[in-house]
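Residue numbers (the working numbering), protein chains in the order written: chain A, 1179 to 1471; chain B, 21 to 295.
The set of hints was computed from the structure by calculation and includes no laboratory data. Not one of these hints is a red herring.
Which stretches of chain A does chain B cover? Using the computed rule of at least three CB atoms under 8 Å from a CB of chain B, they are:
# : segment
1 : 1258–1267
2 : 1383–1392
3 : 1425–1435
A few chain A residues facing chain B, derived, Cβ under 8 Å:
# : residue
4 : 1290
5 : 1294
6 : 1295
7 : 1395
8 : 1439
9 : 1440
Predicted model, so just to flag it, every value in this text is computed and none were measured. All residues carry an ideal CB built from backbone N, CA and C; glycine is no exception.
One letter stands for each residue in the lines below.
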Amino acid sequence: MFAQCADPKALEGLSWLMCYLTSGKHLLFYASFGTVLLLLAVTAPLALLFGFGGAMASRSRIAPLRWFGKIYTAMVRGVPDIIFFLFVPIALDQGIEFLRSRALCDNPVSPWQGNEFNVCAAAKMPLSTSPEWVHEGYGFTLAVVAFSVVFGAFAANVLYGAMNAVPRAQLETAEAYGMSQRQVNRRVLIPQMWTYALPGLSNLWMILIKATPLLFLLGIQDIVYWARDLGGAKTQAFSYPHPDWRLYYFLAILVFYLLMTWVSERVLARLTRRLSAGQATMGGEALRQAGPA
Amino acid sequence: MIPCAEDIGNYALRSVGIGERLLPRSDFTLCNQVTLIGSGMIWNLYFAAMALFFGFFLANALAVAKASRSPWARKPAEGFVFLFRGSPLFIQFFLAYQALVMLPRAGIEVMGFTVATSWLTKAWAGALLVLILNTSAYSAQIFHGALMSVPKGDLEAADAYGLTGWAKFRRVTWPTMMRLAWPSYTNEAIFLFQATALVFFSGFPAFQQRGDALYYASYFADKTFNPFVAYPIAAGYFILATLVLIGLFGVANRRLNRHLPGATRGLKYRPQLLR
Chain A
1179 MFAQCADPKA
1189 LEGLSWLMCY
1199 LTSGKHLLFY
1209 ASFGTVLLLL
1219 AVTAPLALLF
1229 GFGGAMASRS
1239 RIAPLRWFGK
1249 IYTAMVRGVP
1259 DIIFFLFVPI
1269 ALDQGIEFLR
1279 SRALCDNPVS
1289 PWQGNEFNVC
1299 AAAKMPLSTS
1309 PEWVHEGYGF
1319 TLAVVAFSVV
1329 FGAFAANVLY
1339 GAMNAVPRAQ
1349 LETAEAYGMS
1359 QRQVNRRVLI
1369 PQMWTYALPG
1379 LSNLWMILIK
1389 ATPLLFLLGI
1399 QDIVYWARDL
1409 GGAKTQAFSY
1419 PHPDWRLYYF
1429 LAILVFYLLM
1439 TWVSERVLAR
1449 LTRRLSAGQA
1459 TMGGEALRQA
1469 GPA
Chain B
21 MIPCAEDIGN
31 YALRSVGIGE
41 RLLPRSDFTL
51 CNQVTLIGSG
61 MIWNLYFAAM
71 ALFFGFFLAN
81 ALAVAKASRS
91 PWARKPAEGF
101 VFLFRGSPLF
111 IQFFLAYQAL
121 VMLPRAGIEV
131 MGFTVATSWL
141 TKAWAGALLV
151 LILNTSAYSA
161 QIFHGALMSV
171 PKGDLEAADA
181 YGLTGWAKFR
191 RVTWPTMMRL
201 AWPSYTNEAI
211 FLFQATALVF
221 FSGFPAFQQR
231 GDALYYASYF
241 ADKTFNPFVA
251 YPIAAGYFIL
261 ATLVLIGLFG
271 VANRRLNRHL
281 PGATRGLKYR
291 PQLLR
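Sequences and hints are given; from them, build the entire structure.
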C-alpha cells in the first residue's frame, strides 16, 4: 500500500508492523467487518418483516394461514439455530437449482442421483461462467435468507406475544369509535405493541449480533475466516513471516463484539425509555412520576 | 429381530470410540444415519449435563458476588458476566482453543510436579470449560436478577425469626431466589443444550471422527448432498432431549414451589429468548 512497504523483509519494528497491518489481505480483513455490519443491517429489517408476517398469520382468522404461522413460530423451539443455518442455505440452493433444471434443461431428470446432486450446466446457480462476485453475492444472499428465516421465527414469537399484550380495552375503545378491523390494527394495535415487544426484540438483536460469526460456517469470507487465514503461522516463504498469531486476531474480534453489544445495550436502554413514555405500564408510570425531564 | 440391529451394534457408541472404526462411506441407510447421529447425542448430553452441573455452582457464587457491596467482589463478577454475555460463544470457543494450544505441551512445572496440559486442548475438557464459564455468566445474570427481586417481607420475616448471615441466606434468601429464577433458568438450560451443537464446529477438532450429533449430521449431508434427511433427524433428537430437559426442570420447579397455593401447575415451555 505504501511505497516503503515494497520490501517487507528489510523492515523492522514499528514500520514492519504498520506495513503488515496495511497489507492487501488485512484490508480485506477490515472490509469483512463491513460484511458483518451489512449482514446485520439487511437481516434485522428482513427478520422483523418475516416475524411480523408470522405473527399476523398466527392471529389470522383463516385456518390454513394460522396453521402456517403457528408452525413457523414453533419451528425454532427446541431445535438449535445452527441446524437451520446449515440446512436452509443448502435446501434453498437445491430447491432453486431443481426448479431451474425443470425449466432450462433439455430432458430434466431428478438431480438427486445416488450420492450426487447434479443439474445440467444451464441450470447451475450461479452459472459456472459468471464472475467471482456473483458467486460471493449468491452465497451471502443465501446466508441472509437463512438468518432472516430463523430470526424471523424468533421475532414472530416476540411480536405475537406483544400483540396479545396490548390491553384489550384499548382495542375495544378503537372499535367503539367505529374503526374497522384493519383500522384498529393499523392505528392502535401496531403502534401500541412496540413497547411490549421491545424487551424481546432487544434480546433478539443481541442474539443476532452474537450469531453473526456463524457466517463462517456458511462459507462466507467473514472476520472469522480472515482471522484464521491471517493468524495462522507464516513461513519465510511469505512476505510477512510470523508464528501462530490466531489468538491475537480472535482477541481483536472479541473486542469488536464486546463493543457492539455494549453500544447496543446503551442505545436500547435509551429506546426503551423513549417508548415507555405515556404507556400504561410500570416503566411509563415511573417516567410519569419522575415528572417532565 | 430389531430393525437396525447391526447398525446399532456397530455405531451406537461410535462417538465415544467403541464399535466400527470406519464411518459408513456409501449406501447410507436411514438406520446408519439415525444410529450414528443418535450416538453423537451422547456428547451433547455430556456437555449439557456437566456444564449445567458445574455452571450452577459458579453462577450462584457469581450472582452473590455481583450483589455484594464490596467492589472487590462486585467488579470482577460484573466484568466476567459482561465478557461472556457480550461476546459470541463461537468466538469464545476459538479463542479458548488457541489459548489452550499455546500452553507448553510437556506440561507446567509446579513445585517439582509436572502438571499435564495437553488434555485441555481436547474437546471433552476445553470445550466443557468454555461452556461452564459461558452458562455460569448467563445464569449468574438470571440469579442476580432473582436475588434483587426477593420480597423484602421475606427477609424481614427471617430477621424477626432471628436468622442471620449464612442461616438466613441458606434457609430464606437462596430458596426464594431459586424459585424466582427457575423459569428463566430452564430457558437458559435449553439454550445451553442447543449451544452444545457448536462444539465441533469451532476450534476443537473431532478426534478420530468422534463428534456430536450435528457433526455426524453434517457428515451425512456432505456425503449425500441431501440435507433433507440428516438435519431433520438431528433436529428430532434435539426436540426430544429438550422435552426431557423441560420435564426434569419441571420436577425441580414443582419442588421449589411446593409450599405455594396453586403450585400444581407445571412449568410452561415458553422460550423467553433471554440470551
